[in-house]
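> Residues in the sequence shown are numbered from -5 upward in steps of one, following our numbering.
In short, the hints are calculated from the structure, not lab data. A hint or two may mislead.
[Claimed, not checked] The list that follows gives simulated cross-link-like pairs (lysine-lysine, BS3-like), each with its CA atoms no further than 25 angstroms apart:
(1) Lys181 to Lys136
(2) Lys65 to Lys127
(3) Lys203 to Lys134
(4) Lys127 to Lys181
(5) Lys333 to Lys65
(6) Lys65 to Lys134
(7) Lys203 to Lys221
(8) Lys267 to Lys384
(9) Lys136 to Lys195
(10) Lys195 to Lys127
(11) Lys181 to Lys202
(12) Lys202 to Lys221
(13) Lys221 to Lys195
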Amino acid sequence: MSDTVTRLILGEREYVIIGTAHVSQASIQEVTEVIRAESPDLVAVELDAGRYRSLAEPQTWEKLDIFDVLKKRQGFLLLANLALSSFQKKIGDNVAAKPGQEMLAAVQVAQELNIPFELIDREIQITLRRAWKRSSLWGKNKLLALLLSSVFSSEKKLEEQDIESLKKKNELDHMMDELAKELPTVKSVLIDERDRYLASKLYESVGKKFVVVVGAGHVPGMSRVLKDLHSGLSTSDVTDINVIPPPSWWSRVWPFLIPAAIIGLIVTGILVKGSAALLPILASLALTTAGFAVLGSLLALAHPVTILVAAITAPVAALFHPLVHVFYFTGTSEASLRKPRVRDLENLSADSSSLRGFYRNRVLRILLVVLFSTVGATIGMYATLPVLLKTFFG
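All chains should be modelled from the sequences, with the hints used to inform the complete structure.
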């Protein structure tokens, strides 16, 4: 048996777990051979319905409605999705396999042999939202920086032998240790929770013999959870990790504190210096917030009208945040002025793997405008406080 295949016999059940590298040509071949050789009752794969649809129907991106994404405030979520897929694509650029093809191959072989298959992974949107919600402010900044660096990095691409080494236990242990050290909450959500979710869904499946296709990093954790489930040490109820955590009271209150502080300083300044100070106070507010929002929009190479929109809406957003967000206005403006073309949607995945692609593709440019104008406006909102203090009492 290959060292990437783990066979577990627990009670009357047999699990043949194939640990894959998601961009490995060898993994595709191994998955196909193992399913044919084992003739299982069920083939289970590490996919959710959405990711399976995007693999089976690559033209799904062509149906994307960017206005709907902005309306639902899902721009950052889409950007995170693209960054993750871009990272996997970069790793596999030097090999024949595309990300997730071994999962698709497993389903196709199962269908060919009339073997039932099941998608046992948690929905990607829930996973990403849980990772974001559970991260501290510092953790969110590190996660955002990691995602962006994975998109814009020009590091040397991995060769086939490097990718195959990722399936080895010692390599995986090192990677998991590094992730746990840098982003413990993210590691918990992306790896530990999904180990439990994958194993629990598999445990609830019907059959006695299963071929399971998952990323190699999930094999040790899944094996432990399956053993605990069969020995009665844990249950297969995953309700607690299949919901998006509600915001804490602090996260509800915090967004209102800066606008409240700005308004408080404005009122204090007028009381101290009189109504004549209102104009310079508002000018300081407008210049600081608008300046950073404009800078962010310029970095995204936004349309001139969008840059003007950022300048106008940033002071308003500073006073009424989180009820008013700059990104909705700048994103809608950019999408209206530079409407995505068919080729932008067709090339969305490919263009997301390079900095040039982000600026060339109109959909990705809109997401950059959303991101950079928001970051700029946020910095401007915080920078307003010392500026106002100096204006009033300097």
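> Take the hints in turn and mark each one as holding or not.
These are the hints, each one checked on the structure:
With a C-alpha separation of about 13 angstroms, the suggested pair Lys181 and Lys136 falls inside the 25 angstroms cut-off, and the hint holds. For the hint linking Lys65 to Lys127, the alpha-carbon distance of about 20 angstroms falls within 25 angstroms, and the restraint holds. Restraint check for Lys203 and Lys134: the C-alpha separation of about 41 angstroms exceeds 25 angstroms, so the hint is violated. Distance restraint check for Lys127 and Lys181: the Cα-Cα separation of roughly 13 angstroms lies within the 25 angstroms cut-off, and the hinted pair is therefore satisfied.
A distance of roughly 16 angstroms separates the Cα atoms of Lys333 and Lys65; the hinted pair therefore holds under the 25 angstroms criterion. Pair hint Lys65 plus Lys134 holds up; C-alpha atoms about 23 angstroms apart against a cutoff of 25 angstroms. Restraint check: the Cα-Cα separation between Lys203 and Lys221 comes to about 15 angstroms, which is no more than 25 angstroms; the hinted pair holds. Pair hint Lys267 plus Lys384 holds up; C-alpha atoms about 13 angstroms apart against a cutoff of 25 angstroms.
Restraint check for Lys136 and Lys195: not satisfied, since their Cα atoms lie roughly 31 angstroms apart, outside the 25 angstroms limit. At roughly 24 angstroms between alpha-carbon atoms, Lys195 and Lys127 fall within 25 angstroms of each other, so this suggested pair holds. For the given pair, Lys181 sits about 31 angstroms from Lys202 by alpha-carbon distance, which is inconsistent with the 25 angstroms threshold. A hinted pair counts as satisfied when its Cα atoms are at most 25 angstroms apart, and Lys202 with Lys221 qualifies at roughly 15 angstroms.
For a cut-off of 25 angstroms, the pair hint linking Lys221 to Lys195 stands: about 14 angstroms separates their Cα positions.
The structure shown violates the earlier hints numbered 3, 9 and 11.
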